[in-house]
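Colleague: Can you build the whole structure from these sequences, using the hints too?
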Amino acid sequence: MGKITGMLGWLILSIIFIPAQAQDTTVVLSQEMFVENQVLYLSQLDSWKYKAGNNPDWSAPHISTDNWKRLKPANLTFEHADENGTIEGWFRLRFKLDSTFKDIPLGWRIGAWSAMSLHIDGELVQDYGTPDRDDYQSYNPNNKIPDTANLEVGTEYILAVYFLDKDSYLIDRYTFQEVRLDPWIRLTGPEYHEYISSVSRNSGIYNAIWLSSLSLLALLFWLLVYQNQKEITLKLIALLTTFMAISALVNLLNIDAGQIQFLFLSLIFVLSISLTLGFIPIIITQTLKQKIPARLFYFAGFLILAGLTNWITSNDLIPLAMVAFTFIASIYYVFDSWKELSGAHWAVVAGLFITLFWMLLYTFFVMQNFLPLTFSNVIVTGIYLTLPVSLLVYVSIRFKEILYSVQEKAREVIRLSEDKVEVERERQALIENQKHELEVEVQKQTAELRESLEELKAAQTQLIQQEKLASLGQLTAGIAHEIKNPLNFVNNFSDLSVELIEEAREEFQNSGVRSQNSEIPGILDDIETNLRKIHEHGSRADSIVKSMLQHSRGGSGKMEPTDLNALVKEYVNLAFHGMRAGKNPINVDIQFELDEHVGEVPLIAEDYSRVILNLCNNAFDAMREKLNSESRILNSEEYKPKLLIRSQKHHSGITLEIEDNGPGIPEEMKDKILQPFFTTKKGTEGTGLGLSITNDIVKAHGGEIFIESDNGSGTTLMIKLGIFR
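My numbering numbers the first residue of the sequence shown as 633 and each following residue consecutively.
Derived by calculation from the structure, the hints in this document are not laboratory data.
Check each hint, because a few of them may be wrong.
Claimed, not checked - Distance condition first, Cα-Cα at most 30 Å in a straight line; then the derived DSBU-like pairs of lysine-lysine:
id, residue 1, residue 2
1, K1258, K1116
2, K1201, K1274
3, K1352, K1089
4, K862, K1089
Modeller: Below is the structure:
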């Protein structure tokens, strides 16, 4: 009897306690747990369970976790690594969303420099990096947009995360840099999505501006060095701008680098910045006509060692000290030569002090996260561009001073020759020869300077045009996004309404009403037909919006080999379908005469596609006007709109012609048609910007637009690209 009682008691205890231990605690997530920018740090929660090793079955929702230990990801350390320094294991968390998350779109955001895979209820949601021991690749979390989290309010989920890290141990062992193992698993709201999108967009734009500007300036200075190889000052300035361009390039490459690659690139960045700071006082002494002291080269070496120390230890005080030492050394040599400062020297001094001011702002405020990202990018732009631009001004003024000095010497030689009439004829001839050589040298230096300035103006014009086109692309993308939401609403509700009509038809048939005169079935058929037409045209509009979004996405801004004929066909058809989907559609006979020898052409495809769309849309508008005009009604011959697209390859480049048989352009308007805000359309039908933007894009590709038109019989727009010269 005692044995039976004991067994019964054990059974009761098992029923009460054992299931409680086998079940994970369910964490209820609330919107109140959001911190700034709608971020919820899941890795800080206490209900996580962890098990070292790897078994794909550990993501299954119903496995037992009795032998798993309590460990939240925020407490992950190197104590969990194996003998090779590799950290590998699975984290599990049971959670559900409360009602405060209703109708709030959520996302997953991973902040780990490692490889991870995220699973919900045993289903893989997303891989971050390459979580494979044999093909490991760490994930770069910088400015990454959150992935969509398809979660429902009130439903319990099992979040299983496989974590693999093989690089952090090497960084921790061979450097003194702080290594963060916490994977920072975050649940994000729409505010954070907008915030990180803005950060990513701004970083991409500013990185492109820094790299392109510094690269062009460095190239310009090296061209000047090539033309004046004995000028040490130009060589030092070219090296300085090259170091700054390298640092901007590293910033761009770091966006998608892995953890080890990021560490190596950061070393290059530190060295380039250290060399930049070291060269500043050297250039100051050189431009002020002083002999460069040997201690300045030792100072540059000291800055390199300080930069390496900062890279190893991640000490924020070291960059501040480096900037301060550079500031003090530069001021010392400026004041030491204060009496000799004149003319072009002031450009260098002004650029130096403004640049060092930007550096101090960056060190005090940006590195301490006291300023928003926009102001930080403005400060970095000032650091990157102020000194190179001031040095460019110095070179320009210095060349002008040299030319003036040469001209003064030439005039002095002429005066001496006029005062000594009695000098022998041979000496007079010698003086004339010297005068001629001096004039030739002046003309040569003037031509070289003018050519350099023209190259700089062309580079500046191209940068401005690219910024205008980038802004237009962002505007188009915003409009397309705004249109897409109501289109989705129309399509979804048209589908739902068709289903409701089917149910109504079944209810009518089951109701027993058999009146022969009832018009209800016919009405339901008409409504269903209308709804299907609504869905058909809504889907068509949605495809056009998707094409607009794809068209408006910003690219790298670099010319890449592009199949011109394929691009022309695609966007001519896109323009035609867009016209057909709009109001007042017309039938147009589109013909292609594309030269198959054109092949791939260096283009910025995102920009050049706008050219094709704008020209085709203008042609359609012109032909519609001619089709609807009163003069066509009086003409006995039926007018048929026709559009001809022709491409040809020549020895000097290619031409693209878009010819229509519309009303043509009056002679007095041909010179104005490419001007901004000039339009021949009535009322608010046109802005006058389409052809102006098209002309800017063609010029940015090094081409030209020519207009041929006969009033009343049609217009031909020819684009010439001289890229095969």
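Colleague: Compare the structure with each hint and give your call.
Modeller: Right, here's what the structure says about each hint:
1. K1258 with K1116: Roughly 33 Å between the alpha carbons, so the hint for K1258 and K1116 is violated.
2. K1201 with K1274: Roughly 16 Å separates the two Cα atoms, so the pair holds.
3. K1352 with K1089: holds (22 Å)
4. K862 with K1089: holds (26 Å)
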